[in-house]
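Residue strings, one per chain:
2 protein chains.
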Amino acid sequence: MDGFPNERAVTERIGIVAGGGSLPMIVAKAARERGMDPIFARFSDGITNGSIEGPSRAFTWGEVGDAIEWLRREKVTKLVMCGTISSRPDFRSVLPSLRTLASLPAMFAITRGGDDSMLRKGSRFLEGKGFELLPVQEIAPRLLAPEGLLTSRAPNDAERAALRKAHRAAVTLGALDAGQAVVASNERIIAMEGIEGTRDMMQRVAELRAVRKIGRAEKLALVKALKPGQDQRFDLPSIGIMTIEEAVAAGITSIGVSALGSLIIGFEDVLDAANRAGIALTGLSTNDVQDGARA
Amino acid sequence: MDGFPNERAVTERIGIVAGGGSLPMIVAKAARERGMDPIFARFSDGITNGSIEGPSRAFTWGEVGDAIEWLRREKVTKLVMCGTISSRPDFRSVLPSLRTLASLPAMFAITRGGDDSMLRKGSRFLEGKGFELLPVQEIAPRLLAPEGLLTSRAPNDAERAALRKAHRAAVTLGALDAGQAVVASNERIIAMEGIEGTRDMMQRVAELRAVRKIGRAEKLALVKALKPGQDQRFDLPSIGIMTIEEAVAAGITSIGVSALGSLIIGFEDVLDAANRAGIALTGLSTNDVQDGARA
Numbered sequence: 001m002d003g004f005p006n007e008r009a010v011t012e013r014i015g016i017v018a019g020g021g022s023l024p025m026i027v028a029k030a031a032r033e034r035g036m037d038p039i040f041a042r043f044s045d046g047i048t049n050g051s052i053e054g055p056s057r058a059f060t061w062g063e064v065g066d067a068i069e070w071l072r073r074e075k076v077t078k079l080v081m082c083g084t085i086s087s088r089p090d091f092r093s094v095l096p097s098l099r100t101l102a103s104l105p106a107m108f109a110i111t112r113g114g115d116d117s118m119l120r121k122g123s124r125f126l127e128g129k130g131f132e133l134l135p136v137q138e139i140a141p142r143l144l145a146p147e148g149l150l151t152s153r154a155p156n157d158a159e160r161a162a163l164r165k166a167h168r169a170a171v172t173l174g175a176l177d178a179g180q181a182v183v184a185s186n187e188r189i190i191a192m193e194g195i196e197g198t199r200d201m202m203q204r205v206a207e208l209r210a211v212r213k214i215g216r217a218e219k220l221a222l223v224k225a226l227k228p229g230q231d232q233r234f235d236l237p238s239i240g241i242m243t244i245e246e247a248v249a250a251g252i253t254s255i256g257v258s259a260l261g262s263l264i265i266g267f268e269d270v271l272d273a274a275n276r277a278g279i280a281l282t283g284l285s286t287n288d289v290q291d292g293a294r295a
Numbered sequence: 001m002d003g004f005p006n007e008r009a010v011t012e013r014i015g016i017v018a019g020g021g022s023l024p025m026i027v028a029k030a031a032r033e034r035g036m037d038p039i040f041a042r043f044s045d046g047i048t049n050g051s052i053e054g055p056s057r058a059f060t061w062g063e064v065g066d067a068i069e070w071l072r073r074e075k076v077t078k079l080v081m082c083g084t085i086s087s088r089p090d091f092r093s094v095l096p097s098l099r100t101l102a103s104l105p106a107m108f109a110i111t112r113g114g115d116d117s118m119l120r121k122g123s124r125f126l127e128g129k130g131f132e133l134l135p136v137q138e139i140a141p142r143l144l145a146p147e148g149l150l151t152s153r154a155p156n157d158a159e160r161a162a163l164r165k166a167h168r169a170a171v172t173l174g175a176l177d178a179g180q181a182v183v184a185s186n187e188r189i190i191a192m193e194g195i196e197g198t199r200d201m202m203q204r205v206a207e208l209r210a211v212r213k214i215g216r217a218e219k220l221a222l223v224k225a226l227k228p229g230q231d232q233r234f235d236l237p238s239i240g241i242m243t244i245e246e247a248v249a250a251g252i253t254s255i256g257v258s259a260l261g262s263l264i265i266g267f268e269d270v271l272d273a274a275n276r277a278g279i280a281l282t283g284l285s286t287n288d289v290q291d292g293a294r295a
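First to last, the protein sequences are chains A and B.
The opening residue of the first sequence carries number 1 in full-length UniProt numbering; numbering runs sequentially from there.
The opening residue of the second sequence carries number 1 in full-length UniProt numbering; numbering runs sequentially from there.
Check each hint, because a few of them may be wrong.
It does not matter which identical chain is used: a pair holds within one copy or between any two.
Here are the computed lysine to any residue pairs in the SDA-like style, where the Cα-Cα straight-line distance is at most 20 Å [unchecked claim]:
#1 Lys75 with Lys219
#2 Lys219 with Leu176
#3 Lys121 with Thr77
#4 Lys121 with Gly215
#5 Lys213 with Pro96
#6 Lys75 with Ile85
#7 Lys213 with Asp200
#8 Lys213 with Gly62
Bear in mind the hints are in silico, worked out from the structure with no lab data behind them.
Isolated chain A, as found in the complex:
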């Protein structure tokens, strides 16, 4: 609302269910450019997210009922979920508020399953409460990774083979609703993302290289891919400037992301960092799993 006081009557409210990182503010900015008036419900990493500016309230997982009440009172009908959530809601071990209590059986059911399953069920719950859920890319379409080569350097033959291997494995993992990210060389699969997240997985790869379990000449590729049949409204695979730094530390020389099915957060900065590090970054199409990563 700050800076847009006069538009308040005409603008449409949008509730940003905000986690950590810069994405909530990027989405808020894009929403304002589209004439929407954002308000933040902070959860998990979002509670301490210093980058968030604007009307906001923080909620523990036990206060989901209060968040719903607050958003309704603030006349919010549309919601977008974005930002990192490093603590998965565990309704068995949190103290629910009175307003959450009635929804508790639904909450239990929601949190069963992999991330994609949880987000699907969570969204159905929120839709049942009268909210419309918008995908991040509908508000900020420029975040979507384009198809094809994005950096100045193209992957060489070995890197293309590594991208293919990692892409195929990532799609296979996705079908199991496990992780979204895989690191591979052209010879073998190095690491697969479980619930630890991409950052921890890349840290592991850096450690494996330090103890020489990965040879000096073995060039690695990171692929983050959309899960087959994933609900594209939530939790699209994403990379940012940190991903590039983590890739450099792990000795990764090429990165692939699902074209039009993943987010590049801070596009210009990410490309600058990748170009400076000599990393080849590619938007992979689904066909690349069969045909090989294009460059």
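Guided by the hints, dock chain B onto chain A, whose structure is given.
Coordinates of chain B only, in the frame set by chain A:
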């Protein structure tokens, strides 16, 4: 040879390509019981393996040629490979001995690919040098995991569902020639083994639990499974007493291994430890992927 001097003429030599852990000595004991005379070629973790007793020589990866020469001189025609190898041979960064030099192009080709691919190619190389490769289980069949429930406690419904989920994922991973081990709950896949090995993966799970990314009530299962189409002569999935200890630390309450396709090293000790910890241990048949883990 020590302790069996008189049998030397009648017994058959067997070369144990020995890595770390207790398996090389278990195999040696079984070989002696079958009237064979074992000799150890120590590699990787086997070089410093204090449990190995008997005639042995240590070789770096650059001395593969010397190992072959030594084994031939010692009249070895049969080989068995066993024990942990934590450093994958990297012939690009080792200094090869003169005897290895001629085989170097073959070595390079062997070490390309996942573990199973490497072992297949390595065995073909050794067969080309005139050696016969025996599977561990041919010498020590009692190491093979039996089918069905092995511990006093059977997995409950949630644990059976977790075993099924982990088993299905492990077989899928195996088809990619990635890892052999997966940790899952009945709700989601937690961790998948890449090149870091089972121990590091379990350590990761313990850490994820410590930071509450795994809920207190979420019961976990570990499955180690044979890769589809895996050459059963090498690198069968295996568990030992350490696996049970690592499982306890990670909050894992049920373990499944491929029945007749995996090794239980120190059967009685493993069962004792599992029973004491209340862990349910099951030998899974391939059908269990479809039909659900039997108990």
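Each hint, compared with the structure:
Taking the closest pair of Cα atoms, Lys75 and Lys219 never come within 20 Å of each other, the shortest separation being 52 Å inside a single copy and 41 Å across copies. Within a single copy, Lys219 and Leu176 get their C-alpha atoms only as close as 27 Å, which misses the 20 Å cut-off; across copies the closest is 19 Å, which meets it. Only within a single protomer do Lys121 and Thr77 lie at most 20 Å apart by alpha-carbon distance; the minimum there is 18 Å, versus 61 Å between protomers. In this assembly of identical chains, the alpha carbons of Lys121 and Gly215 lie at most 20 Å apart only when taken from different copies (19 Å versus 43 Å within one copy).
Taking identical chains as interchangeable, the C-alpha atoms of Lys213 and Pro96 lie at most 20 Å apart only when they sit on different chains, with a minimum of 19 Å there against 46 Å within one chain. Proximity of Lys75 to Ile85 under the C-alpha cut-off of 20 Å is found in neither arrangement, the shortest distances being 25 Å within a copy and 62 Å between copies. In this assembly of identical chains, the alpha carbons of Lys213 and Asp200 lie at most 20 Å apart whether taken from the same copy (17 Å) or from different copies (13 Å). For the identical chains of this complex, Lys213 and Gly62 are inter-copy neighbours only, at 16 Å across copies versus 43 Å inside a copy, given an alpha-carbon limit of 20 Å.
Violation of the numbered hints given earlier is confined to hints 1, 6; the remaining hints are satisfied by the structure.
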